[in-house]
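> Listed here are the chains, written in short residue letters.
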Amino acid sequence: MNTKVTNMMMVGVGGQGSLLASRILGGVALKLNYDVKASEVHGMSQRGGSVVTYLKYGEKVYSPVICRGEADFILAFEQLEALRWLPYLKKNGVIIMSTHKVNPAPVITGAMEYPKDISKTIENTGIRLIEADAFSLAVQAGTDKAANVVIIGILAKLMKDEIDKDIYIDVLREQINPRFFDANLAAFNSGYNFI
Amino acid sequence: MSEKKLLLGNAAIARGLYEAGCRFVSSYPGTPSTEITQFASEYKEIYAEWAPNEKVGAEAALGASIGGARAFCGMKHVGLNVAADPVFSAGYVGVNGGFVIAVADDSGMHSSQDEQDSRHYAAAAKIPMLEPSDSSECLSFTKKAFELSERFDTPFLIRSSTRISHSLGAAELGEREETELKEYKKDAAKYVMMPANARERRAAVEKRLAEIAEWAESCEFNRVEYSESENKTEEKIGIISSGIAYQYAREAFGDNCSYLKLGLVYPLPTELILDFAKNVDRVIVIEELDDIIESWCKKIGVKTDGKNLLSNTGEYSQEILREKILGIKPENIELGEDIAIPGRPPVLCPGCSHRGMFHVLKKLKLFVSGDIGCYTLGAAAPLSAMDTTLCMGASISGMHGFNVVRGAESAKKSVAAIGDSTFMHSGITGLIDITYNKGVSKILILDNGTTGMTGHQHHPGTGYTLKGEAAPIVSIEGICRAAGIKEENIKVFDPCDLTQTEKILKEELAKDEACVMIARRPCVLLKTTKTDKKYKIKQEGCTGCRLCMSAGCPAIKFENKKASVEESLCTGCGLCGQLCRLNLIEEI
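Quick note, the sequences are listed as chains A and B, same order.
First residue of the first sequence: 1, per the numbering used here; consecutive thereafter.
First residue of the second sequence: 1, per the numbering used here; consecutive thereafter.
None of these hints come from the bench; they were simulated from the model.
Source: prediction; values computed, not measured.
The reader is advised that the hints may include incorrect statements.
Stated by the list, open to error - In silico DSSO-like cross-links for lysine-lysine, where the CA-CA straight-line distance does not exceed 30 Å:
(1) Lys491/B with Lys60/A
(2) Lys165/A with Lys4/B
(3) Lys60/A with Lys144/B
To be verified - Looking from chain A toward chain B, a few residues come up when the C-beta cut is under 7 Å (computed):
(4) Leu30
(5) Asn33
(6) Gly48
(7) Arg68
(8) Arg84
(9) Pro87
(10) Ala105
(11) Val107
(12) Met112
(13) Thr125
Think of the CB as a built atom: it goes at the ideal place given N, C-alpha and C, for glycine as much as any other residue.
Same shape as in the complex, but just chain B (with noise of 0.2 Å):
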């Protein structure tokens, strides 16, 4: 008997990974994307670890897949960019046993530093590509995915968002059909590719496409849903939408329209959306992000409203629908405009291990070259001690250009701060660029002991695999110096240890030579970290300079001009009492 049960949309993915006998899985993590291997690692069919990056996790899948297995690789959107390069070769010499790729993109950018429709690198890279629209379907569309693949020996990509992968929905679970691991037959025209095979798949991958676009005209991802309300609007509104849009789309408008949902957003069907548009009078598009379907039904001769009505950035929602199309406004209670309601921006977490380091980096005004993780709230104010982020690795390499060309002193007042697991992840390539190029630039790797920002993930520097068995730490120290970093000029210290951490920062800026400097502590919010400790401030004597609460930890309030600690957030790291020129400040 089947079982219904709430999931989350990447929960869901993993149990259609399940279901479907797949048997290999190695992403990185990234939000909205981590859960979806995580939850994979908890079956124990499935072999699942973290790779360093996107592009090595898309790697391994693939040559899981040309060794026989069913194998999955998930990421988010910009992880797609770093993954890109052997995608897109994966369309080319295709699939063994199936393999699947995710990808989460972030519509409104909750955790991202920018928004990308993923729907392009499915055209680019001529893969087809599903996109489900609540967790029922992330579960069977994963688990039909394999099949296809197998099929049409091409790997399937299967987009997600933020509100698919983070929503909870019911979702029907199956057994899973174990696979047996397929016969690995040497075939170098399909899986080497140098020009000459290239250009044989070149045509292959055509062929196999058009073969697909036929199959999306009547495939069962794709679903035409004719109203059948009698108080239908009088002009038949037909609308073409797909993923969260649709849902949103459904919410707004009810039963009074026609949907043609797709479920296949690449390729995109012909006959089917000139029949759709012929039985209703008018078309509209309603897709997040950008105007790829609406760009199809123009090219085929369909005329659709779209992008005219909507945004092609941030998210929909069933009230932006109403207001933009309907013209309805939400009714709902308004506050005065007299009243003022402070924003809440996330900030680093009480104890946070680089809030004593960005509160240096603040004091010795240093250009921070930053990075992705948790520490890029360290260009939040009040330590605002961050001058560029970019992308996963970023900081390194831009921090060698920006030193090349403005001179051996500017290599002394400023510094590329990166996380362990970012490091990993593509930093050492920096590292690499610097000490071969003769650079000068000072690194400074903060060292959380895990990657922070998704969640708590192992990375090869912890110790531990994805599933939590021990493993060989992959030594920080160890590949600076195998990159050409002095033994004398790689440096460890505890950055809350505000004395100490600036000394070292002084005496490696000083320095004409490459150097990394790194800030070891654990992120607070591990369950290996001690929080027992608490402080309190003096109340009397304190005359509310505020010089405790510069390095803005959430945990130190203000009232009746005396700053106080509150308890129940303090995690007892103590950099407070260093910021207190009256030592009024000590432990409980």
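Chain A with its partners taken away, still in its complex shape (with noise of 0.2 Å):
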């Protein structure tokens, strides 16, 4: 039996859609006929906190989290989210980040900078970074609501071998408001034509 289960973590700021996204791959591993869990974070966090998003398949899920050194990839919707969960990813996982930015409240108030050069940070420890402008991206595709949409696209074309780029449209049909189907399809091909 195949016991490996892929770990996935969407990581953001509240309010950025990370539970639509892994909504979404959930769809896509369960067509799969994998098992699946995923966590999500509802209440106090959601208000413009740090929010984290756990997905993971395989022939078994036992724990709905991921730890630190355990995620094959992070979809990473703000830079500094990105830096603070990467310990999460595995040694030879893969970042999808988008470079968007968002001043936590330290920032705000003064007390704290914005990390600098967070790519370069990121690319010094040796791990792959994808990085995208995915808000802009979603924007020329029609909606600014779907930067998720964009960094699931470039998640799709990583995982070409394993799983066919129509089973996330299928997903993408089921779940998506139909007034709103082909911006998101049109932003998931922008992302899964960026690489």
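Hints given; two lone chains; assemble the complex.
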């Protein structure tokens, strides 16, 4: 039996759509007949706090959370959050990072500075980093709400040998409001064609 | 044919309600339990409502049970404190239709003011408790709990936790089993809890508990999984666990250990544990929060490890178990210690109606008796305008006690700040305490027209029911008048208008009578709130004084010694424009 479990983390700031991203990827894994678990954040942390969502799939998944050194992929919707959660990535894992920045409270109040050169810091650890201006790509695709779907598109390309692209599109069609489907599909494709 | 679906733990509990033929649900929102009731309301076969608080919800659900229907009430751990009174007595009267109460603990305090282990309630109230460990069990346990509730004539508790309630997992969907409304038979000896009857019921509770304890030895909820792995550890380790902790244990120890997985966490089995312990060399109890299973093991003479290795606070994980029990540290990327990563605590949203209010409270240097809701974030920097926060409703009653001992002058420099939904939940009795006892405290009701923190649920003041039907509006002003607050001492204003807010606050604080100030502005996240305006800061002339940032709006950024508005976050509330002394902030 293949006991391998694939671990993905979605990290960002409350309100950036990491819940939808985990549900889309969870839907994809379920279509492939995997056991799936995802852990979400609701309540107070959603109010602009650091938000992390875990998604795991494989033959059998027990714990719904991912710990340090366990993630195969981190999908980061904000730069500082990418840096914060980096220790959760496996040493041979991949991080896909949106270049978007949102100042946290200590930066707004002037107590701390937003770290400089985050992509360089990440690359210095030897990790594979894929950076994308997902926000602009989403705007070009027709919706400023679909930066998360752009990032999913990039992931889909990385995993194309394991998971067929059309499965993601089927899940998008099932889960996205039909009014926004075309823009989300365009966002997905722009991510898919990004690398 | 059955269908497999990815469900949130809370959605799976709701599905269990549906499939069990549950007809009545009454709850008050509370993270992480809220969505159970929201999902339940989507089934047309279930009558579902928001009660003003958990005590009312539990009483209404017990009433529905006595009335012959399968009934449910869901709450968070601190909600069970509020509902404890009826829940304890419900254990005595038992049920007619099955009665199930779900309680979601929040180990790690993701969204709570304290950390409690609700298993203590099961033991204290002598009510059996099931603990599912994933979405699939959330559904099947909930469904079976109704049948068991009727079989043993007792309410059943279901314990969840944040990681169960808010994790997605696959669950097998079944059909709804329609239940008939049972006949109601008058039975005062069972349903009227006066001392003579209660003494009889007290004995019945003990008899019932003994029967359930016997059933616990072989019930389907407790399961032994002996290790069949060939490379199992030389010392045969047996792990006793339940709920989410079981999942962490399975992930950390795999097939190399044996497991006794307990789905019924009260009452605990004796023979089953003794037998399991006999078949392994070393027993480790893995349970989040308190040492309830471990204490039971010790009581029945089983030597175990447990809290000698693991903490009784916070959440566990596979990493914690590996490190504390096996001594294995994670292999992860280390960022240099010279990299300072600013924290990102939750903050009031851009355009939040509470921001202006707390800005004024800070400016006036008032003692603020706070309460539970999004506005508790007014305690955080840079607003830092809250002195106390205890539990739902305590702002008003606590303010009263504070001012009685500190004298009338104290009431001119202090205010109780409470949200609209929290006021409905348990603020009204505090208000009555003040008016009845001739108190002179000042109350500020932060009315944003919703239960904000838990994700926008209706309450008696919003004009809509849980199912979205129009409902009579319970008027906050009307309640205040009825409680004895004079008409001239009730003021309503928009807290985003800083000048008016400050003026009203100063006027009311100067009075020698109890006053209620209602800061009314809808939550910016409500779909009905218009956010089509945007503001910008003229860069020419900006001196970088940061005054516009003093209210802590996340939509204002500071770069190259000048402030500017992050347009994608701005909701157009215009608060920053009132803070700039140079009038550099204007609508786009």
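> Now tell me, hint by hint, if it's right for this structure.
Going down the list of hints, with the structure as the test:
1. Lys491/B with Lys60/A: 59 Å, violated
2. Lys165/A with Lys4/B: 23 Å, holds
3. Lys60/A with Lys144/B: 25 Å, holds
4. Leu30: 5 Å, holds
5. Asn33: 9 Å, violated
6. Gly48: 4 Å, holds
7. Arg68: 4 Å, holds
8. Arg84: 5 Å, holds
9. Pro87: 5 Å, holds
10. Ala105: Cβ of alanine 105/A sits 5 Å from chain B, so the hint holds.
11. Val107: Interface hint status for valine 107/A: holds (6 Å vs cutoff 7 Å).
12. Met112: 4 Å, holds
13. Thr125: Holds: closest Cβ of chain B sits about 5 Å from threonine 125/A, inside 7 Å.
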